[in-house]
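**Q** Chains as they are written, first to last, in our numbering: chain A, 1254 to 1421; chain B, 272 to 774.
It is possible that some hints are incorrect.
Unchecked claim - Pair by pair, the computed Cβ-Cβ distance ranges are:
1. B/L728 to A/G1283: 30 to 38 Å
2. A/V1361 to B/R556: 23 to 31 Å
3. A/G1380 to B/I511: 48 to 56 Å
4. B/G286 to A/I1277: 47 to 55 Å
5. A/L1326 to B/A757: 15 to 23 Å
To be verified - Simulated pairs of lysine-lysine, DSSO-like, Cα-Cα distance not exceeding 27 Å:
6. B/K559 to B/K518
7. A/K1269 to B/K559
8. B/K518 to B/K555
9. B/K700 to A/K1347
10. B/K700 to B/K518
11. B/K700 to A/K1269
12. A/K1347 to B/K555
13. A/K1347 to A/K1269
14. B/K699 to B/K518
15. B/K434 to A/K1269
16. B/K434 to B/K555
If you're looking for bench data, these hints aren't it; they were derived computationally from the structure. Note that the Cβ used here is the ideal one computed from N, Cα and C, for glycine as well.
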Amino acid sequence: MQHEEYGGDSLVSQRKADIVVALIMAGIGGIVIMDSLRLGMGWSEYGPDSGYFPFYIGLAMVIASLGTIALTLLRRASSEGSFVERTQLRDVLKVLVPSVVFVVLIGVLGIYVSSMLFIGAFMRWLGRFPWLTVVIVSVCVPLALFLLFEIWFLVPLPKGPLEDFLGY
Amino acid sequence: MEALSSLIDGFGVLGDPANIMYMFIGITLGVLIGVLPGLGGANGVAILLPLTFSMSPTSAIIMLSCIYWGALFGGAITSILFNIPGEPWSVATTFDGYPMAQQGRAGEALTGAFTSSFFGAFVAVVILTFLAPLVADFALEFGPAELFAVQLLTFCSFVGMGKEPPFKTIAAMMLGFALAAVGQDPTTGELRMTYGWYELLRGFDFLIAVIGLFGIGEILLTMEEGLAFRGKTAKINPRIVLQTWAKLPRYWVTAVRGSIVGCWMGITPGGATPASFMSYGLAKRMSKNGANFGRGELEGVVAPETAAHAAGTSALLPMLTLGIPGSPTAAVLLGGLLIWGLQPGPLLFIEQPDFVWGLIASMYIGNIAGLIVVLTTVPLFAAILRIPFSIIAPVIVAICAIGAYTVNNAMLDISFMLVFGVVGYVFKKLNYPLAPLVLALVLGDMAEGNFRNAMILSDGSLSIFWSNGLVGGICALAIFMLFWPAISAGMRQFRGSQPRPAE
C-alpha cells in the first residue's frame, strides 16, 4: 500500500484509516473465534456449547472486515479524503489527554477534587478565562455535583484525601 | 375498547403529584440534554439511570421517558438557532429552520418545529395505545424461534435500511454481540473472552458503552470541528405562536405523511434519523412549495420534525411488546427495565399493567408538558448555548465520568468509557454506525438465549426457523433485508444507470 499525500496537512488518509480499523476489527473477530474454539463451539449435553453462538459472531466480524478492506482497496484512491488533519488531531488531543489525566486522578484524589482541577485547567489553558471566573466555575460545579449526588440522591462517588480530611 | 379503559387506569397512575413533578423535571433535563453537545437522548438517559434506582419503576420510567421527549424537542432549538443539529435526527430541520432564523423568523420556525413534533408524537402515541396490546397479545404465542427471528429481522433491517456501508454495519453489530458475550455465559456459567482478566467477569455494561460512544465521542468530534456557537436570537412570544398556529393547518398533509413515515420507521428499527430525511425528501417532492425548500419554508420544518418525533415515540412499541428497542435511547430505557427487574415483552402487559399504561398515559401528558416547557423556555436554553465550549466540554466529561462510575461503582468503567469514546470518534469518522452496536450489546444475551433455546427444541437443526409460516416469513424478510443493499445495487446496474461507487 503506497502512501497518499493530499496537500494540506492530512496526517492519515481515510483509506488508510479504513484499512487499519478493519484489520483491528478482523483481529477482534479472530480473538472471539479463538476463545469460542477453546470453549467448544459444538454440542454438549446441555445443548449448544458456550462457544456456539460467539463463534459465528466472530466469523461474521472477520468476513465483514475483509469485505470492507476489499471494497476500500477497490475504491479509486484519487477520490480519497483525509481521515484526520494535523490541526484537528491536535484539537482532539487537547481534550483527550486532559481527560485521561482526569480519569487517572479520580483514583487518587476522588472525583470532586479532580473535577475541580480538570475544569479549572481546561478553562485556563484552552479558554484563557480570567482566574476569578476559573475559580468560581471550577469550585461551584463539583460542589453542585456533591450536593446532587451525595446529599440529594445518596449516591456515593469516589472520594479522596480531601474528603477524608473534611471528615466526609 | 379494552385499550381505552386501560389507558384511563394509566392516567390514574399519573394522579400522583410526584409523578407529575418527575415529568416536568424530566422534560426540562431532556431539553437541556438535547441542547448541549455531547449529551443526547441515549447517553443522557444512561447517565441519569442510576439516579432512578431508588425510585419506583413507574416514576423512574416516566422521568426517563420524559427526558427522551425533552431531548427530541431540544434538538430543534440548536438546529434552528445555531444551524447545529443537537441530535442526528434534527439535521433535516436545519435545512429550512436555519434560513428562517436568518430571515428573522426564528420564533415562527421554533413554534412550527415544536408543534409539529408534538403532532408527530401524538399520532404515534395514539397508534401505540391501540396497536401495542394487539401486538403483545399476538406475541404471547411466540416461542424462542419466533423471538430470535424477530431479533434477526431487527438486525438485518439495520443492514438493509441504514445509509452506512453494509459491511461496516455488520462489523459494528458483531462487535456489539462480541462485547455482550464477554463475561459469564448465562447458560453454562463458563467464562468467555475474559482471558484471565477478572474485572471482565461482569462483562461490558452497555450503559458504559453508550456514555462513551455518544458522550465522549461527540465531545471529541465537536472539538475537532472547532465549534464556536454563534446563534440567532430567539424572539418567541404568544403573538408569534398564535400566528404560526394559524398557518400550520395548511400543512396537514405533510404532517400526516411525516407522522406515518415516522411511525413506520420507528416500529421497524429504521430510527428517527432516516425517518426525518425521508419525510423531508417526500415533502420536497410532493409539495407545491417544493422549489422553495431549503430557503426557509415552514413546511420544510414541519416535515422532518413530525417524522422524527413520531419515530422516536413509536420506537417504544417494539420495546414494550417484543423487548426489542427501535432506537439506542429505547435500548437504554429497556436496559433500565431489566435493571428494575421488569422483563419487557408481551407478558409485561399482563403482569405489570400499571407500569405499562402509566407509561403510555405519561406519553400523552409528557408531550403536552413538553410543548409548554419548550415554548416558554427557549430563550433560557439559547442562552445556555452561548456558554463557551471550554467550560461545557470539561463539565460534560466530568458528568460522563460520574455517570459511568455510578452504573456499577467501578473505577475501571471510567477507563472503559474513555476507550469507548475514542472508538465512537473513530467509528463516526469512518462511517461505522453506532446504533446497531449498542442494540447488539443490549440484546446480545437475549438473542443468544433465544437462539440456543430454539436449537435445543430442534436438536440443533436450523430448520426450526422455517418450521411454520410465521417464523419462516419473518426469517425470509430478514434475509431479504440483509441482502437488500446487494439487490438494489444489482437492480441499478441492470437498469443500466450509473452504479453507485462502492462504499
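**Q** So, for every hint listed, does it hold in this structure?
**A** Each hint tested on the structure:
no. : hint                          : in the structure
1   : B/L728 to A/G1283: 30 to 38 Å : holds (32 Å)
2   : A/V1361 to B/R556: 23 to 31 Å : violated (60 Å)
3   : A/G1380 to B/I511: 48 to 56 Å : violated (35 Å)
4   : B/G286 to A/I1277: 47 to 55 Å : holds (54 Å)
5   : A/L1326 to B/A757: 15 to 23 Å : holds (19 Å)
6   : B/K559 to B/K518              : holds (16 Å)
7   : A/K1269 to B/K559             : violated (46 Å)
8   : B/K518 to B/K555              : holds (18 Å)
9   : B/K700 to A/K1347             : holds (18 Å)
10  : B/K700 to B/K518              : violated (40 Å)
11  : B/K700 to A/K1269             : holds (13 Å)
12  : A/K1347 to B/K555             : violated (42 Å)
13  : A/K1347 to A/K1269            : holds (23 Å)
14  : B/K699 to B/K518              : violated (39 Å)
15  : B/K434 to A/K1269             : holds (22 Å)
16  : B/K434 to B/K555              : holds (20 Å)
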